[in-house]
Every structure is written in C-alpha cells, then in structure tokens.
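*Asks:* For the protein sequence lines, the chains are A and B, in the order given.
Mapping the first sequence onto this note's numbering, position 162 (from 1) lands on 777, and the numbers just tick up by one.
Mapping the second sequence onto this note's numbering, position 336 (from 1) lands on 337, and the numbers just tick up by one.
Watch out, some of these pointers could steer you wrong.
[Unchecked claim] Short, incomplete list of chain A residues facing chain B, as computed with Cβ under 8 Å:
#, residue
1, 883
2, 884
3, 887
4, 890
5, 892
6, 1066
7, 1067
8, 1089
9, 1093
10, 1108
11, 1116
Please keep in mind that the hints were generated in silico from the structure rather than gathered at the bench.
C-beta atoms are modelled at their ideal positions from N, C-alpha and C, and glycine is treated no differently.
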Amino acid sequence: MHIQRLPDDVASQIAAGEVVERPASVVKELVENALDAGASQIVIRIEQAGKSLIEVADDGRGIPLEDLDLAVTKHATSKLRTAEDLFHIQTLGFRGEALASIGSISRLTLISRTAEQKMGGKIIVDGGKLVLREQIGAPVGTIIQVQNMFYNVPARLKFLKRDSTERQQIENFISRYAIAYPLIRFLLVVDGKNVFQTNGKGNQREIVAQLYGIDLARQMLEVNLEEDDLQIRGLISPISLTRSNRKEITFFINGRWVQDTPLISALLQAYHTLLMVGRYPMAVLFIELPPEDVDVNVHPAKAEVRFRNPDRLFSTVQRAVRRALMAHSPVPIMQSSGWQSPRLNSWEGERIPDPAWQMQIQTPSGPLSSMDDTAMPGKPDEQSAPQASPIPSGQIPLLRLIGQVGGVYLVAEGPDGIYLIDQHAAHERVLFEKLMHQQGSLVMQPLLSPIVIHLPPAQSSLLAEQLVALSHLGFQVDEFGTNTFRIHSIPAMFSTGDPAAAIRSLVEDFEEDETPFQEEIETKIAARVCKRMAVKAGQAMALEEQKALIRELEACESPRTCPHGRPTMILLSVDLLERQFGRRGSR
Amino acid sequence: MKVSVSQQQLAHGLGVVSRAVNPRSTLPVLGNILIATDEGRLRLSATNLELGITCWIPAQITEEGSVTMPARTFTDLISTFPNDTVVMNLDARTQTMTVRCGFNSTDIKGIDAQEFPPIPVPDLSAGVTLNMADFREMIQQVVFAASTDETRPVLQGVMTTIANNEVALAATDGFRISIRKLPLAAPFEKTYNLIIPARALSELARIAVDGDQTLTMNVPPGRGQVIFHLKNTEVVSQLIDGNFPDYRAIIPRSFKTHTVLSRGEFLNACKQAEIIARETNNVIRMEIKTNPDRPGEIKISAQAEQTGSSDVNLDANVDGEGITIAFNVRFLREVLDVVKTPSVVLETNAHNTPAILKPVGDDTFTHVIMPMHLG
Ligand SMILES: Nc1ncnc2c1ncn2[C@@H]1O[C@H](COP(=O)(O)OP(=O)(O)O)[C@@H](O)[C@H]1O
Ligand SMILES: [Mg+2]
C-alpha cells in the first residue's frame, strides 16, 4: 500500500480518541467548558448512559455568534493566545480540541447566546461536517447536545461498557465536581429522573452529606493548610472511617480533578499504620498553587499533571493530612512520641510482623530458608513450600486448638502437624459456606426499624441492580427515594454486625463490569459480605470463639481457602518440623 | 514520695483501676497506673482515654509525690505479697520506686506522672444522686442489648436520659431494645440526654461494692464526659457523640396476644432450645395456643440438621389470638436472665412485628424484640 494522507474526517476521528473515550469524557469536557464560562448553574442530562444523548446546559457567558463556527474547529480556543500562556493556565480547557473532537464522532448541537447579543445562534455538526447554522432566540448561556456518540466509529462503540458502568462514571464525575464547586448549582438528570442536585450555597460538607449520608459527612475532618502560595483544603475521613479501595480519594488541583497523581501516596502515607491493611481513607482535597508551578499539558484528557516542585507538594499534603488527623485523634499525644515504636507496627495496625516473629520465620539466613524446599512464606501468596502448603483441598482433620497468636492467627494441632490458621480468612470461609447453604432455609433477622443509607449516585445504580440478588441471600433492601435505600432485614447469621456496613461493602469495591452473570454475582456478593462481617486481623477472640471457629472450619467443604482463594491455613508438617530441628536428616 | 499502705487495700484498688488499662496502647504511659498522694490518701488511676477509673485507698504518707507504674508488673508484684504493710519509696530523679513488703524489696522503673493524662474533677454539687443498687440493676437490664460492633459507636452506647425527675436507660443493637426507668430519689432540674458507652456502665456496675449506697453522676459542661463518683472510686467516661435512634417511636402500643408465663420455666425452655438452635442461627419457633376450656400453652421448638430437634411445652395464660412466631433464642434468654419478677408477659401482634417482653407487675422495664423471619 502506498502512503496516503488520511482524509480529514478519519484523521480527526483518530485524534478524537485521545480526548473522548467514553460518555464520561464528553461530560467532563462539556462541564469544564461550562465552568470556564463562569456558569452558576449547570444542568446535565443523559440518556442511555450518554450513548444516545448528553446535554449540558449552562448560564455562563455564552459564545458570540460570529465565533460559533470556530468553537467547533480544531485548535480553536478563547483561552490561550501564545505558547507562553501555556505556562500559566487558569482555565480548565486550553487545547481547543474538545468540541471539534466530539463533533467528529457524534451529532453535536450547539446553542449559545451572550448577554450582549439579542439573538443566539445554533449550529449542528454531524460526523465532523457542519450541517446547520442559524440564528435563534435562546437564553444567555450555552446548551450543547451530543447525540449518538460514536455512531460513525463502530469500533469505539463496541468498546463501551455496560450502560450501568458508563453511567456510574458520569455520576462519579459529577459528584466530584459538585463537591469541588459548591457555589455552582449542579443538576444531573438520568433518563428523565433527577438523580442529583446541589443548591449552590457553598457548603461542601452538605454536598458530601447528600452523597454519602449525614452521619458520614459529620465525621469527616477538615484539612486546611496555607503555606506561602500553596493552599491545601478539603475533607478527609477519620481513621475510624475507611473504605476497601482508593476510589474515594479525590484530588483537585487548581480546580481540576486529577485522577492519577502521586499525591494519593502522600495521603496514604499520612494514614500509614493508622488503618488496617487493605483499608483506605476517603478524601476530597483541593490544592491551589500558582498556575506556573503545574504543567497540565501532559495528557490530552488532562487527567494527569506535573509539578515543578513535587517533593514540596508531597510533603505538604502529608503534613496537612497528618495535622488534621492529629487534631481529631483520640490520643492527642501520639504525635510527639513513638510513631516508630515497634509496638505500633505490630499486629494491631498494619500486619507487619514483629521483629521477634520475623526472626523465627523470615530471616533469610535462618534455618528454615536454608533448606531447598522449605522456604517459609512471608505472605501466604508467596509461599512455595510443599510441607507448609495450604494447597490440597478437601476436608481437614480434627484439630486441637492451642491458642491465638498476636490476635491474628490461631494455632492448632492436627495428627499431621501444626496448623497456623488465619482467623480472618477462616471466618470468611465459614460465613461464606453458611450463607451459600442457607438457600431454601433462609433465616432473616428483620430490624426494629429500617436502616436508611445514602449512597453516591454511582453506587446507588449498582446497588439498585443487585436488590434481587441480595434478597436471595437474606438482605431485604428497597429503594427509598433518590440514592437512598432502606435495609429491612439481614441474614440471621449476621445479627451481630453492622447491616449498613455490610451493604456498603458490596457497592464499594464492585469493579467495573466485574461479572455479567447473575449466579456469579450472588457468589461475589456473598464473598464480599462475609469478608466485611468476618473477624478482623488484630481482633482478640475469646477462647470459646476460637474453638467454635475451628469446629466450624472443620465442617466446611473447602476449609483451606477463603472465598477469595487465599489460604486460610498453613501446615507445618511433623516431617518438616523434625527436619528443621535436626531430629531427622533432610533426605 | 514515701507512703505505707495495706497490701489488701492496695491489691483491691489495683484490681479496680486496672480494668481501664490498655496494655496494647501505643502510648506507653497508658499501660501504667498513676500512683499519687492525695489529701491523706493514696490515689490510683488508670485510663485508656475513653474510660478512666480512679480509686482512693487509706495511706500513711511520709512524703508527698506521684509516679506511674507499669500496670501488669506492679499488680502482679503486689498480689504476691503477704497481707501486710507495703512501703513505697520513690526516687524522683530516676522515677524508680522501691516497693517493700515483708522481706521483699523490689525496684520498679516508672514513667513521670506528668505524662499521665489529666483526669477531670467532678463538681459534686451539680450532680444527680442515684441509689447504687438500683442503678446497678438498671445497667444490668440494658447493657446486654447494646451492639458490640465497633463500626456503630452510637449503638455501643446506652442512651441515658434524665428528665422529669426520672432516669431512663435504653440500649439497642437494631434488633431489640431494652429500656429501664427509675424515679429519682431527689428532684433534679437539669435534663440530660447522654450516650454513655455500655462498657463504661458495665465497669461501673462491676466496681460498685456493697459499701457504696449512692453514687453521684456529674456531667461537666462542654467536655463530652460523664463522671460517676462513688465513695472511694470514680469512673470517668467519654460520651458518644451522635444520634441515638428514637426508641419511643418503635415501641408498639397495643397487642393482639398477651401471654403470661413463668419466668423460670420460660428461661429454662430457652436454654434447652438454644443448645440445638446454636447451629441454626439461634432460631426457635414459638407456637402460642389458646384453649377454650383450659389455660393456653406454648410450644418452643428448635431444629438443626446435624444435631437434632427439641420441643418444650409450657403452660401459659394466653389472652387473645393464637400465633406462631420465631425468635433469636439468645435474645429471649438474655432478657429473661435480667428480669427479676416470677412471671413475665410476652405481647405480640404478628409474626413480623415487634414483640414486647416485660415483667408482670413492674412497669419500669420494657424489652422490645424483633421476631425472626423464616424465608
Ligand atoms: N459552555 C461554553 N460556554 C462558553 N463558551 C464555550 C462553551 N463551550 C465552549 N466554548 C468556547 O468554545 C471554545 C472551544 O471549546 P473546546 O473545544 O472545549 O476547547 P477549550 O475548552 O480547550 O478552549 C472555548 O475556548 C470557548 O471559547
Ligand atoms: Mg474545553
């Protein structure tokens, strides 16, 4: 094939791919434009998760009639004049690419009027071609409609996810921006239904309350630190309030949501040792710094930025968060002493083994690892030793409890050696099998009065889809107004736990599109609830509880792994022990 | 500091305060017990920052002073001493205390008392006075219904209301509520709505000895704390911040069936059924039957695939319609354990609406239980 210049429309479709990947990216570009235009109200309407329609209407300054064509032309922007301007960008947009790109992969209608002009204008771009230009009456502001996104790029269309996933991304985005711009009224309408609305009164905590419930919002701690030209503000969760993933950590840098940033690590480090392994804080932090200190022109979708002085920013964020945590910590003096204390690093916090424990098991030069096939596992998933292997499935022999170690493991004796049992994983397994086996003889414990929970729109959609699956497991939950649910009853086996937390844990870490098959979803939900309800590492158990757990584990069908596939136990075989102690030669 | 005390009294005092020691604290001084001379007595204090306990014991003071001693080491040592006089002598420079009793002399290294968190002093004149024996009974009748789940701090607390010359305690885990009221002995103007950690109240009930006839409850303004002052002991607890569910709205007002039965027989039947029900999420089924010619009866049954099944029949006075209803037998057992009267009444409407269990002839105690639902 000869080299040929690509036809214009193909070239712009390719370029569009960098800016618009999915409905949420269109929403992002349009909302950013509205914000740049100084809007005080932004109404976002989507239909079919944005695939058939995305409409963003604002009351901002509008586009002059004579500029309408330019707005949808490539590299046409009102926000930047010279290359020099790139180094102190004050607006969210600057590349002049978005409208042109969107117009090349959809049917885009743009209606706009400025306050100075009596008539507004309307243009329609369809698949990159201008098909209509007319003057019409319109309110001051801009309305942009994007219809049939990707209709002319079937390859892209194929890559879109399920409607619910695409919708959640949009909802997530709007929720974040609503918190970041509390003075602007946002309204999100999904398939004709108002799913989320803010009042523009400037109260961030109130918006957080709308999204996550009043209780949670009240607990959030305020971060506020100003140093020279650097300002860090926002809300972070106290250490008692955690999530199972980092999705609720949000950074806005100069008004822009930046999803991919090392600042997340700075935040996590500030919480380090205060949270259990696998738990993450929630945070919305707003960082303001001089525009020339940030380079936003790294990524076409502007989701990434570079800092001129990352180290300083990193440490300031960490300090700001630490300070907020300390100010509200129940142990005010902690700060002054002992963060390095080995006791803190022990079982209670992160599951970092105590040095003494390490000596016995992990020392590289220790006797255990000196043998070819007997390297002891540091973490269960790294382990490879046949004797210490948890792999063989099937029932386990009767065990005699010896005791609990460090509040994390149970030690038991079996006919073939010593069993180390991870109490959390073991309990997860026990609960899981009970929950899955109760079908048919479902026992529910209703609540005296239903518990009401609020979820952000994205999580609400998720939960709403799974109500039937939940009811099969014994959770009776119904929708109670927008983004609000009522829990009426829970499986009787969980009647000592927190029903709301169980339900939250379900939606918290649902990955996109995780399982399309309903049967699988039920199993996943069950596994997730059990994980949340199981005893935690670091939780002391009474002797009776320890014995009961071992008894129940013995009765399990697959006692050797937790529902997520991690081992529940490690066997130190008699054979292994004998060789380790030199009672018998190693073959 | 130099003091002499009786080994028995010291050991007892240490036993009382050590319940507030947190050996796992990241703050070493919280693993210690404060020992200080205090107006002719020796004061022992421990705190985990949520709960603080102080106890005063008689002492002969030669030299004033204070120090904190590692709780475990110090308590273990004192408990091995004979019932004799213990002499303690602090070297303030090294913060080392020499403890002597009989032929034993032990040096224990302490931490400066300055590092110990300050413990608030109650304003006794502004407090409510309560009868200790009554209050202890009240506590026992509600605390078991509080939640043990750490993620729901509000439900780990006991709603304590003082209003209209009455004190009311209520605790709930969302599935049941236990409510106990008592008129105050003396009129009290202020109104309090406090959520006190159930754990703190349990400790208080445990500590109170027969010698304590009354206690004074004091809420220092703006501190988020409550102080219980007994003769020789003080318990300070952090209050829980939050909204306690409005339990008054949940209590049903009228019932279709009133079943009166012997507390003892009912409790026994529950204990028997629980042995089987343990394996099946504690479910028991209760069939309440009326008879035209003789008193009614109740059948309590439990079934477990693995273990077997159990049926217990009880006589009862049933007034109203018959009903079959399922309960978590542990909930029944726990409330029957704390009822004091010989007969109880179980009031029900339907298999899926709250039931009430209360003593017959005593209006101060009400327990609401949500029945279970078999799908
Ligand atoms: N909602 C709006 N209100 C006012 N002007 C707008 C709006 N949306 C777009 N524009 C104008 O159209 C131009 C092009 O928009 P866009 O393609 O998103 O590029 P950029 O935002 O990078 O400048 C903007 O520079 C702005 O002048
Ligand atoms: Mg733009």
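*Asks:* Please flag the earlier hints that this structure goes against, numbers listed from lowest up.
*Replies:* Violated hints: 1, 2, 3, 4, 5, 7, 9; rest satisfied.
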